[in-house]
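Asker: Protein chains in written order, with the working numbering: chain A, 1 to 407; chain P, 1 to 633; chain Y, 1 to 246.
Simulated from the structure, these hints should not be mistaken for laboratory data. Backbone N, C-alpha and C fix where the C-beta goes; we use that ideal spot for every residue, glycine too. Wrong hints could be hidden among the right ones.
Chain P regions said to be covered by chain A (calculated; three or more residues, Cβ under 8 Å) [said to hold, decoys possible]: (1) 190-198; (2) 252-263; (3) 427-436; (4) 561-572; (5) 602-613.
When the alpha-carbon atoms are kept at most 27 Å apart in a straight line, the in silico DSS-like pairs for lysine-lysine are as follows [as the list claims (entries may be wrong)]: (6) K240(A) with K122(Y); (7) K337(A) with K448(P); (8) K403(A) with K240(A); (9) K122(Y) with K53(Y).
Going by beta-carbon spacing under 8 Å, a handful of chain P positions derived as facing chain A [claimed, not checked]: (10) L271; (11) P274; (12) I370.
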Amino acid sequence: MLIRKYPSVLIFLAVLAVFTLIVTIMSQAYGTGAIPTSTIKLFGKTLCLALAALAMDVVWGYAGILSLGHMAFFALGGYMIGMWLMYARTEEIVTATLANAPIPPTPIEVQEGIAGQIFGVVGSTDLPLAWSFAGSLQIQLLLVLLVPGIFALLFGWLAFRSRVNGVYLSILTQAMTLALALWLFQNDSGFRGNNGLSGLQNIPGLTDLPQSTISIWFLWASALALGVTYVLASWLVSGKFGSVIRAIRDDEARVRFLGYSVEGYKLFIFTLTAMICAIAGALYYPQAGIINPAELAPIASIYLAVWVAIGGRGRLYGAVIGAIFVSLLSSWFTGGKAPDVNLGFYTINWVDWWQVLLGVAFVLVTLFAPRGLSSIIDAVAGLRHPMRRGKDLGPDLGALREKEAEA
Amino acid sequence: MRRIFLCLLLIFAAPAWAQDLQTVLDANRDQIEKPSRQTIGPVINEIAASGDGAVAFLEAWADRRIGMAEDGRFAIIDGEAAIDAVTGAAVTGDVKALRPNSGVRGLIAAALVPALLADPDISRRRAALDALGRDATAEHLPALRASLDDPDPGLAARKARLERLLTIRFDPDPAARVAAIKGFSGDTSTDLQAALNPLLASSRIAATELPADANVLQQLSVGSDLTRDEAYRLLVDAGLARPRLSDAEQKAALAANLVDGQVGNIPVANLDSPDARDRAYRALAAAGTVPPAASAEDVDAALDSYVFADVYVEPSAEVTDAARATLNGLVFRERAQQGVDLTLDALSLASIYFLAAIGLAITFGVMGVINMAHGEFIMMGAYTGYVAQTFIANKTASLIVALPAAFIVTALAGIVLYRLVIRHLMHRPLETLLATFGVSIALQQLAKNIFGTQARPLTAPDWLGGSIGWGEIVSISTIRVAIFVLALLFLCMFLYITKRTRMGLNMRAVTQNPGMAASMGINPDRVAMLTFGLGSGIAGIAGVAIGLFAQVTSELGQGYIVQSFMTVVVGGVGNILGTLAGAAMIGGLQKGIEVLNPANTLAAQTWMILFIIIFIQFRPRGIFPTRGRFVEG
Amino acid sequence: MSDLLEVSGISKSFDGFKAINNLSFSIAEAELRAIIGPNGAGKTTFMDIVTGKTRPDEGQVRWGELSRSLLRMSEAQIAREGIGRKFQRPTVFEDQSVADNLTMALKAPRGAFSVLFWKAGKASRARVEELAAEVGLAEHLNRKAGELSHGQKQWLEIGMLLAQEPRLLLVDEPAAGMTLAEREQTTTLLKRLAETRAVVVVEHDMEFVRRLNCKVTVLHQGAVLAEGSLDHVSANPDVIEVYLGR
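This is chain A alone, in the form it adopts within the complex (with noise of 0.2 Å):
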């Protein structure tokens, strides 16, 4: 059922497990290493930014909600498996370190330490309140899940529950983001103020390891979400459950004349993708290996809504290639490996007018090409948008473009 209607889940899949597969054989781990760690580093961060993008296309491509705090979540994810890999690792270093003393460690002594060594750069030596579990894996990844999703459950409900939707519900989800970043700004809120968490990339109880291999397990593991999560979502979009959030976004007051709950089916998607998004941060951040509260800024989660909407918002694959097709080439261009271009007068250095290109190709994308890159695809499939003469397909700000939609 899932595949006839969509069989792009098939394709998406094959393409997702010969790029890993590829990947995996030119890695330094397992294959020839043709690719350096880091670039393997990078494609995994990358496939976690397109697993954001999906959440982000389900609740905003779909349900109509721009939320401008998914990339909230998405780090809130990423501290809470922080939390974990950080005290896991100072709680080795410091064992160790103890274990060389005449008299063995008591348990308070060994988690003295361990604040000591986390909380120092702050000021602080005891333990907040909030790291009580950050020794237990099992705790810290149900976390992943519970804080972020326990978070956008409450500011969904009493965003919805007034009916804020629209601009205001965009604004208002930018200043919560906001308000958690300038909240895990200070350093005595108990995650590190500026310094935020650092050395993820060294995977407690794995230390042996060279990070060539675990950059290629979490290239695997953030294959293998972004996947699971296609089918979730795919599964999500098409049946009669995807027929109401389409609904929603279109017109959701006459969706709430059908009988339909509008604030719970929002509320609903919110925190699912708020959760998608915990988990993508979760593998990301210990590829990334440091996370801070300038992750948090508003303006990442406006990024999230661009690579969307460059995608193509509405598709699945849409956000999963504006995301993957954004985030390379803003790499590849900030990484100062783009080709400066001499224009006699004055040579365009790439690493500081990306930006420009970005802005200048999203407004053009936004004015001219409401379906992003996904057009291409379209016009592959031989797929139109209907002739409307510029109506939108429903009365509510989320509905879909003229141009975004299918005839």
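Given chain A, put chains P and Y in place with the hints provided.
Answerer: For chains P and Y alone, coordinates are given in the frame of chain A:
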């Protein structure tokens, strides 16, 4: 009364055994030559009481200008020359300067005070009074009282005031002190606080029972007022109990007595719990290898047998009560002043938010166009101001040029943005949001490429540099007043434009019903474009104003954009007075929260945003909602 | 016969303008009723109040055998109680196929989780086809609703209403934009529907109302001006003044 003091002073200053200077100097030659802080006091007093020449001698001594001539006479050195300290005759030959240490010089200076207070030269009297105000001792009180009758009325008043303050601190009679304290009620000056605060100093004591005459601030119960550890440390410090062993000390002691992998017959591997360590230590103590440490039972017993209290150093309860009452009054007054100060602070913050948001109130509030590049327009305005300053040296002139220039530059930018982007996304606010965000990142990077990443200065003219103040605490910088005035100006201008001009009428018509307006001959597109230009231009002017007190960087606008949107949303979209109220609320709130936690502006912002999110729950359409039948739903 | 819906003494004002002024209204379980009135009489606001879109300032709206108040319920809850509404302009989900539109409206649990795990069965597919046939869209099941003509959208919306199986139908100007033949068809359908449920039709077109041949309620300035058969109310001097006079 004064006469009695005068007599006292005479008795003090000129004792019956008063001798002339020469005799005194001769008698104490050794002491003067090598003075010690502990013993020199009586000698200085004797010198001070010795009449003619004594003051000159003491002053020179305090200035390290007393020397000893070769023949043993004391001489006052004046540059290269020297004169005899008693006779004033010139001294020839080598004079060895004496070098009294600072402690001794302090004593000398104090001894000089009575004499100087009565000095005929007003400047010396004033200097002496200043010195006394800074640092006085009990001995000075009688001297000051003796000299109250000053010919200069201003100085007399100061002396009288200082006398009351010194009475509070040093008078032996509690009744006199209480009277002096009460005499000051209503006064808020800092010297009074400095006089009162030491009276309320307390110390924490532990005793088996409280002394009957103690002036107790409060009795402390262990566990609630102070922790058991603190209480026990107090006992240890007072020598009343044996110290407990700290964990680190215990560990060190155990490590030092490690024998054959065992400590006190307990294998080392087992010493990973506090219990095991205690047992090992007790075993060692029983064997006599380490001194016994206080056990938990010892601590309990000791804590039970003592009472703990905070006791005033000042023995008189009446004095402390009076001082507390007066200080409380003082604190209240100070709070009120701080409240005024806070209100002014909040007001200036609110006007900044208002300035930043007013352009947005037009573009977003009136037109419903969400412009994420608004912050970048503010930044463009600030950079325009900076560029104007690089061309025009005179700060005032450059500011006068910068304001309209910033308006024109950003208004044009706004019109271009409207024509190229926003017009094509008129009914798609979410797409507008994203497209203008693209413009915003492009503009930010452009600014970085042009002006660099470091902050550019935008200096205010001197007449905006100072501050306006009322009283000691309340003061507000002129620039903030100027911004407040600017905000008011904009408000009036905006109200005038919308309510009184053709343009405003067209604007309102177009925003309310574009189709109808078009059929009345108004070009909605043109009006919308001009409106957008107006809003953007105001952002530019706001940018100049904000740049005057903030660093001009490419990220200047970003810091204001979320707050500006909040201001508009909280105030109620489409209502300029709502924006004003929103700015007032957000500014006031942020300052208010900052008071609760002054060190942490980040926390204040976090709480403020949280508050706004909650606020929108209850008033989704802001403080002043747009009204009408078709708004609902 | 007990009343299905009983509206008593409701008032609603928007910034001083009294859109509904102490209005009382009731309808039986199987009854066809037409509501007429000039513009601004409060017809739409009345429907908004019944469907929960607008909360009245005062008054009561009671529903069903248990006479439960609808005032505390949300739009979705009221819709689930069995009140269906057809808007003046056809509002269908244009990005979705006719079948999707009808499936969404089918009477079934509306909770997020039950919808998530809902599967189209033989019965539901048959029901959708049956409904599509009834409104003349059997040929167009897999077309996007956005591609349908205006009249077809009207029919699709009526089909969706039928799929909801409401006990009370509120229909806002069903005849607008319909051809004469379609009007005939609509009249027949409404009459047939009213045999098993309550139907309230808001209409401007007197000719159409006459064809419905039912009890008529005339609204004016937010209150009931007259009630009875069309002939009865058109003889009422107040009604004549409102419609013709001034």
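Asker: All hints, please: hold or fail.
Answerer: Here is what the structure says about each hint:
A stretch counts as covered by a chain when three or more of its residues have a beta carbon under 8 Å from one of that chain; for the segment 190-198 of chain P and chain A the count is 0, and the coverage is violated. By the rule of at least three residues with a Cβ nearer than 8 Å to a Cβ of chain A, the coverage given for the segment 252-263 of chain P holds, with 4 such residues. Evaluation of the coverage hint for the segment 427-436 of chain P: fulfilled, as 8 residues show C-beta separations to chain A shorter than 8 Å, against a requirement of three. Under a criterion of three residues with beta carbons nearer than 8 Å to beta carbons of chain A, the stated coverage of the segment 561-572 of chain P is upheld, 4 such residues being counted.
With 8 residues carrying a beta carbon less than 8 Å from a beta carbon of chain A, the segment 602-613 of chain P meets the three-residue requirement, and the given coverage holds. Between K240(A) and K122(Y) the alpha-carbon distance is near 15 Å, which keeps this suggested pair within the 27 Å criterion. For the hint linking K337(A) to K448(P), the alpha-carbon distance of about 20 Å falls within 27 Å, and the restraint holds. Pair hint K403(A) plus K240(A) holds up; C-alpha atoms about 24 Å apart against a cutoff of 27 Å.
The hinted pair formed by K122(Y) and K53(Y) fails the criterion: a straight-line CA distance of about 35 Å is larger than 27 Å. The beta carbon of L271(P) comes within 5 Å of a beta carbon in chain A, closer than 8 Å, and the hint placing it at the interface holds. Contact between P274(P) and chain A, as hinted, is supported at the beta carbon level, the nearest pair being about 6 Å apart and thus within 8 Å. Checking I370(P) against chain A: minimum C-beta separation of about 5 Å stays under 8 Å; hint holds.
The structure is inconsistent with the numbered hints 1, 9, although it conforms to all the rest.
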